[in-house]
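Relying on the hints, combine the two individually framed chains into one complex.
Chain order of the listed sequences is A and B. For the first sequence, this note's numbering begins at 233 and goes up steadily by one. For the second sequence, this note's numbering begins at -3 and goes up steadily by one.
Just so you know, the hints here were simulated from the structure itself, not pulled from any lab data.
Here are the computed lysine-lysine pairs in the DSSO-like style, where the Cα-Cα straight-line distance is at most 27 Å:
id, chain 1, residue 1, chain 2, residue 2
1, A, K300, A, K330
2, A, K233, A, K300
3, A, K330, A, K274
4, A, K274, B, K5
5, A, K233, A, K330
6, B, K5, A, K330
7, A, K274, B, K10
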Amino acid sequence: KQEVTQIPAALSVPEGENLVLNCSFTDSAIYNLQWFRQDPGKGLTSLLLIQSSQREQTSGRLNASLDKSSGRSTLYIAASQPGDSATYLCALRSNDYKLSFGAGTTVTVRA
Amino acid sequence: NAGVTQTPKFQVLKTGQSMTLQCAQDMNHEYMSWYRQDPGMGLRLIHYSVGAGITDQGEVPNGYNVSRSTTEDFPLRLLSAAPSQTSVYFCASSYSSGGNQPQHFGDGTRLSIL
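Just chain B, same shape as in the assembly (with noise of 0.2 Å):
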């Protein structure tokens, strides 16, 4: 079991690149999300899903998309990226989107954009 895996753990890209982050979970959770932690500030939510083949937006959606075709996967693309895209990303997911299920985190992925 190994839970939320998060790939790559490190990148750098140059400005206008695009890449996408992956994130895998083997719990069979429904509820999988997407966030970037800055210094200083919390963990701030891009995108959601409650389900395969269902997707919402977060605080902070602009600059990113993503899909979620199985119920273990959750990737999030980077479209063209931006300085100010320079973060840690963290998946997480849980059972339901609902209920009291605790949240499970993967170790992030870190990124910067020249």
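With the rest of the complex left out, here is chain A (with noise of 0.2 Å):
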């Protein structure tokens, strides 16, 4: 079973320093990860797919890495706006075709 970590749970900075968001996983057999943001009371918002040929994926402000024999990926949000403030999950997609979840981290960007 594919157990998806994300550490830490909540991260506070000042407006303007890069964001770094882990996710880590125990089964390197997945078919992509998906970057989401939620924001309060609302739905889930796909960010980036990384697929499982692919070391990075990048929109924006945003570059998501993947390192599936470490069983690692990260989120890089650069130069951070209050409008970042939210709660960003990661998801693995295995090649059973489900998702597994992470708890999330809740990010605050500080004016």
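What follows is the structure in structure tokens.
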């Protein structure tokens, strides 16, 4: 059974600082890895999807890396803004097409 | 294009009552799924469907039923509500079950069982 861990559970940074969010997983037999953003009381919004054969994906200020051999993914958010405050979840799609989620990291960016 | 629509947004039930959570998508997605989200835990898969007429169990299926008579709709039924089913329920869809298609989520249904 795939176990997905996100540490820390919460993070507070001043505006302008770069954010580094970690996701670790136990089974490297994955199809892809997806990073989501969740705002309070809302659903999940897909940020980046990294295919199993890829090492990273970039979108604007966001960059996500994937290292299957070590069972890790990292989401980098450059020059954080108060609007980046949210909970960030990683999810892995295994080869049986089911998603396994981490519990998330709640980010607060202080103005 | 509304995406994934869930109704109701909030619901309070008494133990033993039954109800149906509605989920509809207008993107012609084949794959639909239901998750529950509890504090401090990741989302857990309840049931999923890879197309009309096809459903299967996820990680935590007990106490829930689903059906998929159309591509657009995937309702989740609570048979006899229990306090342990108090949670936030999310419906998600994607173009196919395989492939590298991102999942699209609804805004959730917040359910309290008294």
